[in-house]
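Engineer: Mind docking chain X on chain W? Use the hints.
Protein chains: 2
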Amino acid sequence: MPKIIVEIMPKKDLLDPQGKAVANSLHREGKKEITAVRIGKRIELHFDREITDQDLEMAKGQAANFLSNDVIEDVVAVTKED
Amino acid sequence: MPKIIVEIMPKKDLLDPQGKAVANSLHREGKKEITAVRIGKRIELHFDREITDQDLEMAKGQAANFLSNDVIEDVVAVTKED
Numbered sequence: 001m002p003k004i005i006v007e008i009m010p011k012k013d014l015l016d017p018q019g020k021a022v023a024n025s026l027h028r029e030g031k032k033e034i035t036a037v038r039i040g041k042r043i044e045l046h047f048d049r050e051i052t053d054q055d056l057e058m059a060k061g062q063a064a065n066f067l068s069n070d071v072i073e074d075v076v077a078v079t080k081e082d
Numbered sequence: 001m002p003k004i005i006v007e008i009m010p011k012k013d014l015l016d017p018q019g020k021a022v023a024n025s026l027h028r029e030g031k032k033e034i035t036a037v038r039i040g041k042r043i044e045l046h047f048d049r050e051i052t053d054q055d056l057e058m059a060k061g062q063a064a065n066f067l068s069n070d071v072i073e074d075v076v077a078v079t080k081e082d
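Keeping their order, the protein sequence lines are chains W and X.
Following the working numbering, the numbering of the first sequence begins with 1 at its first residue and continues without gaps.
Following the working numbering, the numbering of the second sequence begins with 1 at its first residue and continues without gaps.
Treat the hints as calculated values from the structure; they're not laboratory data.
Errors might be hidden in some of the hints.
Same chains, same names: a pair is fine if it fits in one copy or spans any two.
[Said to hold, decoys possible] When the alpha-carbon atoms are kept at most 25 Å apart in a straight line, the in silico DSS-like pairs for lysine-lysine are as follows: (1) K20 x K80; (2) K11 x K41; (3) K20 x K41; (4) K12 x K41; (5) K80 x K11; (6) K20 x K32; (7) K31 x K60.
Isolated chain W (complex conformation) (with noise of 0.2 Å):
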């Protein structure tokens, strides 16, 4: 099934406390060449038919104004899946 597939992470700047966690308990494990772990989403977009360049488009502007929150997240990849 053609799909196109957003990746999107919380900005560098910004404190994760989810990936903060993760890391932790790597740590506590003795994974201690782990420096750090971040969490973002992926979101698939599921579609009936091939993917055409314009819906790649669409795909990356949905990805900016409404899938991501721009004041805290980074969109980081949009790519098309088949």
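Structural biologist: Chain X in isolation, oriented as in the chain W frame:
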């Protein structure tokens, strides 16, 4: 900065109310070509050194056993990014 990206999605058979709400909202805006929306997680594990194959194996183990809940979620990808 080297990092490992873990992508986790809710299982196909599972309801995803947050994704459903986003899909409904897109439909109200006229984006009828989007048949469904699913919302999962994108987790970045940051390293302060180069990532080895062992690190990737470790991350796959953590993704399956700790970062995801295999009753309700699937790990869809574990990839390296430099």
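Engineer: Take the hints in turn and mark each one as holding or not.
Structural biologist: Comparing the hints with the structure gives:
Taking the shortest Cα distances, K20 and K80 sit within 25 Å of each other only across copies (20 Å), while inside one copy they are farther apart (31 Å). Both within a single protomer and between protomers do K11 and K41 lie at most 25 Å apart by alpha-carbon distance, with minima of 12 Å and 15 Å respectively. Within a single copy, K20 and K41 get their C-alpha atoms as close as 16 Å, and across copies as close as 15 Å, so both meet the 25 Å cut-off. Taking identical chains as interchangeable, the C-alpha atoms of K12 and K41 lie at most 25 Å apart whether they share a chain (15 Å) or sit on different chains (17 Å).
For the identical chains of this complex, K80 and K11 are neighbours both inside a copy (23 Å) and across copies (20 Å), given an alpha-carbon limit of 25 Å. In this homomeric assembly, K20 and K32 come within 25 Å of each other (Cα to Cα) only inside a single copy, at 13 Å, whereas the closest approach across copies is 38 Å. For the identical chains of this complex, K31 and K60 are inter-copy neighbours only, at 13 Å across copies versus 36 Å inside a copy, given an alpha-carbon limit of 25 Å.
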